[in-house]
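**Q** These protein sequences, in sequence, are chains A and B.
Quick note: the first sequence, position 243, residue 243 per my numbering, numbers continuous.
Quick note: the second sequence, position 102, residue 102 per my numbering, numbers continuous.
Certain hints may be false.
Pairs count within a copy or across copies, as identical chains cannot be separated in the list.
[What the hints assert, rightly or not] Pairs of lysine to any residue, SDA-like flavour, derived with a Cα cap of 20 Å:
1. K106 to G76
2. K106 to E132
3. K248 to S181
4. K49 to D22
5. K106 to F127
6. K248 to D174
7. K140 to S102
8. K106 to A121
9. K42 to P153
10. K106 to P118
11. K106 to R125
12. K106 to E120
13. K140 to R99
14. K42 to G76
15. K106 to G128
16. K106 to E84
17. K106 to E176
18. K106 to G341
I should point out that these hints are in silico values taken from the structure, not numbers from a laboratory.
Spelled out, the chains give:
Protein chains: 2
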Amino acid sequence: MPKESKRRSPLRSGQNRATAADVARAAGVSVSAVSRAFTPGKSIAQGTKARVLRAADALGYQPNPLARGLITRRSGMVAILMAEVSNPFYPTVLETFARALSAQGKHVMLFTPGEDEPLEALLPRAFGYGVEGVVITSAKLTSEMMSVCANAPVPVVLFNRTVEGADVSAVCCDNEAGGRSIARFLVQGGRRRAAFVAGLEGASTSLYRERGFAAGLAEAGLPAPLRAQGGFTFDGGLRAATELLALKTPPDAIFAANDIMALGVLDGLRRAGGLRVPEDVWVVGFDDIAASAWPSFDLTTFRQPINRMIAETLRILDLAESGAPSSPSTVLLPGRLIERGSTESAVGAVREPF
Amino acid sequence: MPKESKRRSPLRSGQNRATAADVARAAGVSVSAVSRAFTPGKSIAQGTKARVLRAADALGYQPNPLARGLITRRSGMVAILMAEVSNPFYPTVLETFARALSAQGKHVMLFTPGEDEPLEALLPRAFGYGVEGVVITSAKLTSEMMSVCANAPVPVVLFNRTVEGADVSAVCCDNEAGGRSIARFLVQGGRRRAAFVAGLEGASTSLYRERGFAAGLAEAGLPAPLRAQGGFTFDGGLRAATELLALKTPPDAIFAANDIMALGVLDGLRRAGGLRVPEDVWVVGFDDIAASAWPSFDLTTFRQPINRMIAETLRILDLAESGAPSSPSTVLLPGRLIERGSTESAVGAVREPF
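Throw the hints in and build the complete structure from the sequences for me.
**A** This is how it looks when you write it as structure tokens:
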């Protein structure tokens with residue numbers, strides 16, 4: 001049975017696979033010399049290297065990145081802790097990370113908590129795998145979590161999250177500046193009664209976007225925004241729209257703390273009828289996910305600079321690995337307003353063509 | 001500077017971390033005995049185990065899953081090769097896999113090809129990491145790829161893909177039966193001029209869905225469906241709608257090979273005006289992604305049984321690992337039609353309440 005024998009190859013069973021120790025023995029060198037022979041840039045005498053390569057070839061030895069990771073402490077793996085991917089922003093983040101790491105010959109290990117599993121339980125597991133760094137995104141961050149991070153054996157970066165006073169690096173869009181820009185844009189457009197749809201309470205993204213939004217309105221002499229809860233979900237946005245429409249005087253502009261809620265708000269307004277977008281009420285989101293550009297929604301939003309955020313995250317991981325100063329840094333990157341049909345054009349603004 | 005000293009802990013530098021070899025030396029046993037002491041269910045004399053645990057405790061040794069993986073050949077990692085995540089179906093698949101594996105104490109290593117990087121180049125990298133299995137999804141599968149898979153040192157499962165005649169296991173929704181169900185549903189509803197919007201040419205999912213759809217129409221005495229290309233993207237669906245509307249006699253029903261294209265078709269019809277959904281034309285998708293249930297779309301679709309598909313995939317990986325017969329198997333699972341507002345109710349059908 002050729003099929004069976006093919007599937008039960010020595011490689012498969014693993015029993016006969018040559019190890020670095022086998023090669024070391026055959027070449028009469030140390031295991032460390034075998035590792036150096038297979039690691040680009042490592043110092044090793046040419047004669048020794050040639051002997052190792054000859055022995056490796058004779059034994060059919062392939063260097064194993066795990067084994068090398070144990071020796072060099074560079075496993076080539078970066079852990080990403082992601083609590084949920086139902087917001088389409090995060091799959092894009094994950095894909096972009098995976099591609100950027102792949103270009104460096106590295107790979108993502110994905111850690112997703114089970115139901116009721118605290119995120120901090122996953123961190124020691126990630127460390128145990130010898131990952132070179134950990135990126136934490138889309139998560140409720142507890143103080144236990146921050147303490148585990150601050151004492152981590154490898155660099156940790158919070159992505160799209162910040163925790164005030166925490167001893168951990170963070171890379172974020174400047175959410176407060178984004179909220180303020182949106183407020184100014186609404187004010188310029190003559191909006192006078194704005195509402196804010198909050199994400200999860202306790203999420204730094206929602207908090208800072210709201211803070212900047214309220215500050216921008218206050219600077220223009222407008223009152224604090226009306227407020228509804230949307231929990232960062234589409235259905236939450238639907239419910240928030242219903243709530244805001246039920247007010248005696250509904251808002252003339254709604255800023256939802258992320259796009260997926262803003263899409264729910266648009267659908268909620270459409271289902272309720274009565275108020276037209278953008279004639280009666282403007283709607284603005286935050287993120288610029290793909291669906292925001294779909295004709296049904298045509299949502300004005302604040303685009304996060306995902307590529308730059310990921311490049312900065314990788315830079316921090318690299319710096320920390322290379323032994324450069326490792327005091328935690330917080331990087332805030334500017335995003336930009338993308339105008340579409342869910343708002344009218346403010347004076348002087350340039351619309352994105354569909 | 002307490003902060004600096006905390007970040008430069010012995011754990012961080014890795015120099016002073018106790019290894020299994022240290023513990024073995026201290027306990028006067030072999031490294032293999034240390035491994036057995038820390039592996040649940042492994043046979044080891046109680047006295048030896050106690051000696052190992054005492055030595056480990058004294059040295060602050062934590063078993064390292066990588067090192068254990070090298071000894072036991074069970075790294076606890078499963079590779080997922082995913083070429084794109086822009087179709088929202090795949091992030092859901094990835095999240096569900098990650099959670100299911102996490103419940104078994106295992107983790108996902110994500111492999112995403114760079115631009116122009118052939119997927120088959122990633123497989124040897126995954127094998128090199130000692131992954132216990134490989135799941136391939138969302139990919140153009142070449143014959144080179146299939147040959148690498150058939151000779152893989154660990155079990156490989158194609159997810160949501162099949163390749164005829166390939167020596168590799170596959171788990172799929174029964175796409176052909178799904179296409180046929182949709183044809184019957186349209187015929188029952190009095191539709192007489194159906195169109196099919198194809199995904200990527202060469203993708204087995206699109207191919208089988210089309211085959212079943214055409215067969216179902218033929219069984220009812222109807223002609224082969226009109227046809228447009230949508231490339232599995234929203235924009236492709238938009239363009240396909242425009243194309244089909246430009247026909248002298250446009251279709252009275254459109255089945256798009258995945259939901260994201262069907263949403264594009266709906267938006268294309270809406271933008272063009274003229275034809276109303278569902279009065280003049282019915283639209284049906286395939287997958288049941290979250291956005292299909294949004295009020296703006298309210299799309300009738302064929303739901304893939306993601307949870308069962310993933311459970312079957314893990315079962316195949318487990319069986320192969322446990323040494324059970326490993327001839328490749330193809331598992332086809334039934335999906336089901338979810339009726340919503342983009343079609344009218346066929347006789348006797350039960351609608352999902354919004």
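**Q** Please go over all the hints and tell whether each is borne out by the structure.
**A** Evaluation of the provided hints:
1. K106 to G76: Both: 5 Å inside a chain and 18 Å across chains, each within 20 Å.
2. K106 to E132: Both. Shortest intra-copy (10 Å) and inter-copy (18 Å) distances satisfy the 20 Å Cα cut-off.
3. K248 to S181: Neither. Shortest intra-copy (28 Å) and inter-copy (49 Å) distances fail the 20 Å Cα cut-off.
4. K49 to D22: within (15 Å within a copy, 28 Å between copies)
5. K106 to F127: both (16 Å within a copy, 14 Å between copies)
6. K248 to D174: neither (34 Å within a copy, 52 Å between copies)
7. K140 to S102: between (28 Å within a copy, 19 Å between copies)
8. K106 to A121: between (24 Å within a copy, 14 Å between copies)
9. K42 to P153: neither (24 Å within a copy, 29 Å between copies)
10. K106 to P118: Answer is between: at 16 Å across copies they meet the 20 Å cutoff, but 27 Å inside does not.
11. K106 to R125: both (19 Å within a copy, 10 Å between copies)
12. K106 to E120: between (24 Å within a copy, 16 Å between copies)
13. K140 to R99: between (26 Å within a copy, 17 Å between copies)
14. K42 to G76: Answer is within; shortest intra-copy Cα gap is 16 Å, inter-copy 30 Å.
15. K106 to G128: both (17 Å within a copy, 12 Å between copies)
16. K106 to E84: Between copies only: 18 Å across, 23 Å inside.
17. K106 to E176: neither (33 Å within a copy, 38 Å between copies)
18. K106 to G341: neither (41 Å within a copy, 46 Å between copies)
Of the numbered hints listed earlier, those contradicted by the structure are 3, 6, 9, 17, 18.
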